[in-house]
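Please dock the two separately framed chains into a single complex, following the hints provided.
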Amino acid sequence: MTDLLAARTQMALSLGFHIVFAEIGIAMPLMMVLAEWRWRRTGERAYLDLAHRWAKGTAVLFAVGAVSGTVLSFELGLLWPGFMRYAGALIGMPFSLEGFAFFLEAIFLGIYLYGWERVGPRAHLAAGVVVALSGAASAVFVVLVNAWMNTPVGFTLDAAGAFATIDPVAAMRSPAAFQQVLHMLLASYAATGMAVAGVHAFMLLRGAAREFHSRALMVALLVGAPAAVLQPLSGDVSARVVATTQPVKLAALEGQWATVRGAPLRIGGWPDAAREETRWALEIPYGLSLLAFHDPTAEVKGLRTVVPADRPPVAVVHLAFQTMVGLGSAMALVALWAGWCAWRRRALADERLLLRALVLVAPFGFLATEAGWIVTEVGRQPWVVQGLMRTASALTPMPGLVVPMALFTLLYLGLGAIVVALITSLVRETARTAP
Amino acid sequence: MSGIGLPEIVAAIMVLALNAYALTGGADFGGGVWDLLARGPGREAQRALIAEQIAPIWEANHVWLILVVVMLFTAFPAAFAALGIVLHIPLTLMLLGIVARGSSFVFRSYGARDDASQRRWGRVFAVASVVTPVLLGTIVGAIVSGNAGAAAARLPAAPGAPAPSYVSVYVAPWLAAFPLALGALALAMFAFLAAVYLGVREPALRDAFRRRALWSAGAMFVAAFGALGVSGMTTPHVMGGLTRGGALVLQLLIAVAALSAIWALYARRWRVARVAAAAQVSLILWGWVLVQAPYVLPPTLTIRSAAAPRVTLELLVGALAVGAVVLLPALAYLFRTFAAERRVR
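In order, the protein sequences belong to chains A and B.
For the record, in the first sequence the residue sitting at position 120 is 120 according to our numbering, with numbers rising by one throughout.
For the record, in the second sequence the residue sitting at position 85 is 85 according to our numbering, with numbers rising by one throughout.
Source of the hints: derived by calculation from the structure; they are not laboratory data.
Do not rely on the hints blindly, as some may be mistaken.
[Said to hold, decoys possible] Partner residues aside, some chain A positions facing chain B, computed with beta carbon under 10 Å:
1) Thr9
2) Leu61
3) Gly69
4) Leu78
5) Pro81
6) Ala87
7) Ser96
8) Phe202
9) Leu205
10) Arg206
11) Leu401
12) Ala421
Here the structure is a predicted model, which means the values were calculated and not measured.
Backbone N, C-alpha and C fix where the C-beta goes; we use that ideal spot for every residue, glycine too.
Same shape as in the complex, but just chain B (with noise of 0.2 Å):
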């Protein structure tokens, strides 16, 4: 069986979803990050830009998330049931992370107006921003590189069957060169993500923002060719699957995108620069989907073979058609009514 079916056109609605979370959600956190870094005379006003920008829209874009999440146990239930097992602590971590970092927000928005639990919130706020990208890319990469995979596959068929040590198979799969170099670039795209969108938003802070926004463009660069490098040595079959056929195609317009945002920030063309931005980050996701097509856990369950019963696909592809219908015009009007750009005072 090749081709493009049911399956494959669920696992597509699911990398779109995700894309979707990168471009929104991810931001979100980088504007966290940028909360934590901010610096100057100006530190207040970015803070408070920050807080004004995400506060109507966070929770709207974390539900892309819990799409992705839904989407994949309804689709492809066994390859979630060994990622809930195999990666449990990276994800207990960033589920810890996502609580922190939503909670200590409201909290810092809505609690008691001194400066000692303003100050406190917003530490946690901004430092879950931190780390729960971190974590997201480490997910990613413990996927992709077929650790986590190969791990599940590890494990004892029958209870009672002698089992894998604890550490090859919780903790070696995500807590390796790769899986955390990946978390450094998921990191460093949310924090360029958000250094633009706040750029676009604000004109009295552009200067600053974009100076970050080039800053973390570089970080991007470093954390990319870093985790190329360290796939080289340590996932070959990521390595070789970044550097063939098609994904050479990709690479380049990764590297059209990147020129494109980072010629556009020098020039200030801020609204160019936000659409070369949000390019490049989606690229590089499709790049992901590259690499690991046609498996959704590599190195043994591929889309085919985790793939739901024919029925639920239906059902579920059909939910999806009709919510979008709903959804996106909703999504649409609150970012319309939020993203009003500021005039220069």
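Same shape as in the complex, but just chain A (with noise of 0.2 Å):
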């Protein structure tokens, strides 16, 4: 194994690790305080009885996504200093709002989950909205970095590619920075506002205190279903930015290798690098010119117009691209399902097989999430900086990269089993002394 390539899993393993928690940690306070507040307004037990319940598996979650955070800003320079010292002074400023955020968000946290006793009960409904926004701006924060990676703005070049000026300001502005926000912000209440609804469908059919889930369900499916109705039309919005800002990113995510008018939408299919075609795929005409720019005798920019080093693994992104979209497209289907359920006033608790289907697709938000981050990251290949960095030229000339690879590579993986272990061990117990 290269050192690049130990590096590049060691960062992809860190940040698909820490995501999930990061997602948790923007969704779980908002559901927190709406139980809360539930409980506040009816005074039913329940609500109440679920918002400490959630809190101690947020406590838990939350905590594993601030070291894994820590562990993300270190490795920025232990793995890419190259890419810091080029690009720090421009990029940091969303970086030190996102301290602060965070900052924020910690000390409220300890408020909401220590201080039931300690402080008043306005006070302790509004720092648990505190947490749910300062989780939200942190979101907001970290993606305009990412998003300026993939559309660099506010700068101007030397004879050298240096910058000779920049404008940090102008850089949070980058043209993907809202699309991309969106879609984050979106995929974390959906996937788990739709995964903890999976849990709690879960133990509605295995027949465990109904009055306690079944209002953990509403609670976490006002949370989670609405963003996963939205989510596919934000990802329309962003497919439509990448194909014009990023289109080769647009063309191996779509396995498209000739540049043509009218291109078709392909479901599935393998591309060839080889041969430089997507073969076995069902292809609907017109559709990614519909797709991508409204118009279906558009232009699409095919993978032929770069060179091949310049082009990113398609296969690896072609696949990821299309698992997004399907497990989206579940997750919104189901979603859509429960919402026309709650409208018609039927009973949650008893439609099984919606249920079931919210049981199935529990795990699909992180998953796309999973994916959508190899999607726009790999995707960007070979680049860091899109057009100005690669992520060669980034990486440190630290040898033997593959050692802190296979460190951190075990650590994820244990603490990954222990936190799964222990929130099932959190969530059995309701089963025994949920009301």
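Spelled out as structure tokens, the structure:
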């Protein structure tokens, strides 16, 4: 394994691990606050119990998210010092703002988790609101950096290709910024809400603590289902931005090799880099031109517009994109179904088929997030900053990077297993002790 | 160019943040040290107090470190890049310690209640709380000694050029007497702070933590003079920096703070002890700054030469000012909510 591959693997693993906890850290506080608010409004103990139990899980997941996020902030320098030396002054700003947002999140989470008896009811609920808002703000700032890496702006270059002047504020408003932030926030609410809904649907199918779990299911769906329904629309907006700002990435995620007018949309298929064609795909005529440019005859640039060395690994990107779209669509359909049942005022706890579907799609959101992150990151390769800096030139000169990569792989595998076991036992506990 | 400009202001804010981290996050690590060393019949009561003390605040305290890191790479990107390269190994080990400490703490708090799991996570928490501060001090030692900066300067400018040996660049700068002595000093400082804070918090356990505070004050003394002695042999410029002009005044102040802390502990004046202990640790930290200024990474990168363009620094200082207006009251609220002293039962 080369040092570059080892570093990329370690970074991918660290981000792939952290992103799940980050999403939970964004959406879970909102759900806790909703449950607590319902309790204060209705006086139903089940809601208070729910807020307490969700808070326990959040405490564990937030802590793991906090420490894995710390690892990432250092890894920027440990693995990619070239990138930080080059771009730190320009894109450090959103990271600094993220630091503040994270600070507020940690402060008020402490108050929320441990302050039930120490602060007044309004202050407690308000603390939860601050946690939910600052969690979302953290995500906004971090994604702004990623959006800049995809569509870098806010600088002029000198003759040697270094930054002559920089504008950190303009860099925060890159062309991909709005769409990526929207997509990530919706992903967080959809993935977390639908996963939690799936867990409580599972407990309802097992016949455990019906009152408790059906309320939990409602709150989780309230957060997850609208986001899951909106996410495909946000994906459409994202794809159109990618089409104009990162045509090679769009070509990779669609497996489009030739530049053509009226490009088809491919479902499935295997992009063959050697033969420069995508085989065995179901092709919907004009579909890609229509989706990417809202014009059936629009020209879509193919991968052949750049030399092979400047193309991302097409098969990985195409497969990840298909996976993301497939999983996201399934979630949107189940969310619509749940919404329809709720609108017809049916008791969701009795809709056993819907409950089964919710259990099935429970992990889809996190899987789709991982796939989507692969699309945006692998789809940008070989660049770390699109068109400006190659990932290889950002790499640390330190040899033997396979060692830290192996260390962090073991660490995250172990941590992941422990967290899953712990959350499972917290959920199981509700079967015995919930009202 | 001389005097105080934007780069110096940003650097000073970074040191303030680091100071806050030492006094809060550092003490949380110190709590883990006393968890490991909990002895006698009051063992479990001590561990419970430590857990109760740090549970609501450790994550917020930890963010100071993240703030320092993002300020470093925003304002001094060249220094951050160089540190990431030559101190890769101790930084990675420190990160493993941070991850192990934080996750084992919540696993113990929220996981299975049986003795075996509690002991297992308690042990991981305690050991990681000892190892991480040592690494943090070692990293500081590698920076202030000039070892890290010198190693970074030896890196080949272009790929393919003959590289110096692996050990000389990636190991020798930190695996050396002076950095390790500072590692020991950091550990003793954090343990000292924790013992004092815990004593203030719980009157019922004051005797135990008073003994521990005095012992760790002794350990600090030994580690500080050990580091000074080692620096006299291996890094004379550090020794020189500590024994001239303004530094001597600072040394005097450190001595005053140290003696006040010890007197207050003897006299059981706990609140005085807390102020004196915090002052002592802060002054030691500023002693480091005094030795290292005007370098962000001695002996090559100065605060001026490593600084980001003016526009970045201006925005950063603006953001920090606005952020502080929100953050400081929030932090005060957090500490006021949880710092209530226990009454004697």
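Going through the hints against the structure:
1. Thr9: violated, 15 Å
2. Leu61: holds, 9 Å
3. Gly69: Since the shortest Cβ distance to chain B is 8 Å, the answer is holds.
4. Leu78: With a minimum Cβ separation of about 5 Å from chain B (threshold 10 Å), the hint on Leu78/A holds.
5. Pro81: Interface hint status for Pro81/A: holds (4 Å vs cutoff 10 Å).
6. Ala87: holds, 8 Å
7. Ser96: holds, 5 Å
8. Phe202: Cβ of Phe202/A sits 21 Å from chain B, so the hint is violated.
9. Leu205: violated, 26 Å
10. Arg206: Status violated, d = 21 Å.
11. Leu401: Since the shortest Cβ distance to chain B is 9 Å, the answer is holds.
12. Ala421: holds, 9 Å
Of the numbered hints given earlier, the model fails hints 1, 8, 9 and 10; all others are met.
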